[in-house]
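Undergrad: Protein sequences appear in the order of chains A and B. Each residue of the first sequence is one higher than the one before, starting from 37 at the first, in my numbering. Each residue of the second sequence is one higher than the one before, starting from 17 at the first, in my numbering.
Fair warning: there could be bad hints in the mix.
[Claimed, not checked] Every beta carbon over 10 Å from chain B, so not counted as near; a handful from chain A, in silico: (1) L66; (2) P69; (3) E70; (4) V87; (5) A100; (6) P131; (7) M134; (8) A216; (9) A217; (10) L220; (11) V225; (12) H307.
[As the list claims (entries may be wrong)] Capping the alpha-carbon separation at 27 Å, the derived lysine-lysine pairs in DSSO-like fashion look like this: (13) B/K255 x A/K208; (14) A/K121 x B/K288; (15) A/K121 x A/K208; (16) B/K156 x B/K296; (17) B/K181 x A/K38; (18) A/K39 x B/K107; (19) A/K208 x B/K206; (20) B/K107 x A/K38; (21) B/K288 x B/K181; (22) B/K255 x B/K156; (23) A/K230 x A/K121; (24) A/K208 x A/K230; (25) A/K39 x B/K181.
These are calculated hints, taken from the structure and not from any lab test. Glycine residues also receive a C-beta, built at the ideal position from the N, C-alpha and C atoms.
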Amino acid sequence: MKKKYLAIPYVVWMAIFVIVPLCLVVGYSLVNPEGQLTLENFKALTQYWTVFATSFRLAIIATAVCLLIGYPIAYWISREGPGVKRIAMIAMMLPMWMNFLLRTYAWMSLLENTGIINTLLANLGVFKLINAVFGTELTYFPMINTPGAVVLGMVYNYLPFMILPIYTVIDKIDTRVIEAAEDLGANGVQVFRKIIFPLSLPGVLSGITMVFIPSVSTFAISKLLGGGMTLLLGDLIEMQFYGNAYNPYLGSAISLVMMVIVLICMAVMNHFGEGEEGAVYF
Amino acid sequence: MRKNGFFARLGLILTMIFLYAPIVVLIVFSFNSSKSRTVWTGFSLQWYVELFDDSRILSALATTLEVSVLAMVFSTVLGTMAAIGFYNMRKRPRTVCMAINNIPMTNADIITGVSLMLLFVFAIGAFNSTLGQLTGVTLKLGFATLLLAHITFDIPYVILSVLPKLNQCDPNIEEAALDLGATPWQAFLKVVLPEIQPGVLNGAIMAFTMSVDDFVISYFTAGSSTSTLAMEVYSMTRKRISPEINALSTLMFVVVLSLLAIVNIRSARQEKAAAARAAKLQGKG
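Full structure from sequences and hints, please.
TA: Okay, here's the thing in structure tokens:
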């Protein structure tokens, strides 16, 4: 018996449940409800360009914020001792294992108009102070149901995806390389700019992909924290498969375009990052 | 390397607060005695009591456990077989298989969910209009499609945790077993399986956690009559917000935490054992 044949059941499985569904997405995107070949679905996409724009804008902002927070955090963790390092990494990863709906829900009670942050600010007299100074009649800061809340939800949910790959790469840098640079007269800033940062780029790239893809395709975060005010690509796709706007043909076209854009991003990333494996699990 | 200064430490602490404050608030208010999610009125376990009286939650919990356990069993068996198969393939077909294997992991969840939904709707439609009319059986989205979807996204994780263990195996040991008269099946059970067992177990636990945690793919493949815990949470946050969700979150957090602790303690122990074995071998040599 040749052992490679053991893979046959799964190869068949992949063909049915991975390849065929993706082919169906392509197929559905190219036909109309009557089953005729058409490009109508892609033409219809143009009316949703604002949704594409919003999705990509918010996802890019969230990715940028994750990078701005995540990079220094990963760098600082890598400079701690082995004990603190391990605890810090586990602590960074733990929240990720809580369902993202629950993590997002947690922010709902914080951000609501009568939520914890606003209650706290009111009790501290912040609103009285502002009202006295500016003559306004503020009783709360509107935070929930804004695009800002959606970005916050993305950052909160996906920040560990940015920290982990960057940390993994920085931590692997040979300390002798850094010592050599220091021996040759480089100062701290130069060591960072010429050694650590270039060597950490693969981690940065995989972090960017791992934050950007779920951010651009989310639909639950925008529903929970955006209150349906901010329509994202994920919401648009979801609407085509559930609810009144039922139109799987258009939904497939949107999914396909999103997938292609994401694939292009991934290809560009891999081209630069030489296929660095992003370690998702600690 | 130089140690962190005050500013770096502060940054780390602030990030921790950012990550944990919402979770702490969530957990604290699961013990609140009033319905308010913002004002603390006293300690009570009433939301836990109500949670366990809620038949929808309980049936969703049952569905989640059933689908996760079944998906874990199927994906562990299929995935381990596939990993052994991939390992014994030549390089070219193996690369192709691994690339396809990675698709469900790299694709956005919503794409996997939607594409599987299309497959199921398409297949069910085809069945109902032909064979179904002959036999009088009408199929629809439900537990079966949910399970198929879960197996599909679980297997890649099993393969990714079994393959490295196979790579670590010494192929000579299995050949020795065969030379000494073991049947291939005996050689697998007594020699190969014990070697890769840690990878298989970690893969199984990973598959289970992934299934319990999944929302998006389940949402698209479970249909309207079947509901998992995550789906129930979603509909609760949309319709009837109550501290029951907080209680549910707390319990789910504790469960996932314990599963992870098990995985990590196991792998730490294995590392230690491997290090001890290596030290012993070196001592002999």
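Undergrad: B/K156 and B/K296: Cα distance at most 27 Å?
TA: violated (59 Å)
Undergrad: When you look at the beta carbon of A/P131, is every beta carbon of chain B farther off than 10 Å?
TA: violated (5 Å)
Undergrad: So A/H307 supposedly isn't at the interface. Is its beta-carbon more than 10 Å from every beta-carbon in chain B?
TA: holds (15 Å)
Undergrad: Would you check the hint for B/K181 and A/K38, treating anything up to 27 Å between C-alpha atoms as holding?
TA: Holds, at roughly 20 Å.
Undergrad: Decide if the proposed pair is consistent with the structure: A/K208 and B/K206, CA atoms, cutoff 27 Å inclusive.
TA: violated (37 Å)
Undergrad: Sort out whether A/K208 lies within 27 Å of A/K121, counting only the CA atoms.
TA: Measuring from Cα to Cα gives roughly 13 Å; hence the hint holds.
Undergrad: Is it correct that the beta-carbon of A/V225 has no partner in chain B closer than or equal to 10 Å?
TA: holds (13 Å)
Undergrad: Below or equal to 27 Å on CA atoms is what counts here, so check B/K107 against A/K38.
TA: Satisfied, since the Cα-Cα distance of roughly 16 Å is no more than 27 Å.
Undergrad: Are B/K255 and A/K208 close enough, with their CA atoms no more than 27 Å apart?
TA: Roughly 48 Å separates the two Cα atoms, so the pair is violated.
Undergrad: Hey, B/K255 versus B/K156, does the alpha-carbon distance stay inside 27 Å?
TA: holds (25 Å)
Undergrad: Just checking, A/A217 versus chain B, shortest CB gap more than 10 Å?
TA: About 12 Å separates A/A217 from the closest Cβ of chain B, which puts it past 10 Å; holds.
Undergrad: If we take the beta carbon of A/L66, is the closest beta carbon in chain B still more than 10 Å away?
TA: holds (13 Å)
Going through the hint list in order, the structure does not satisfy hints 6, 7, 13, 16, 19.
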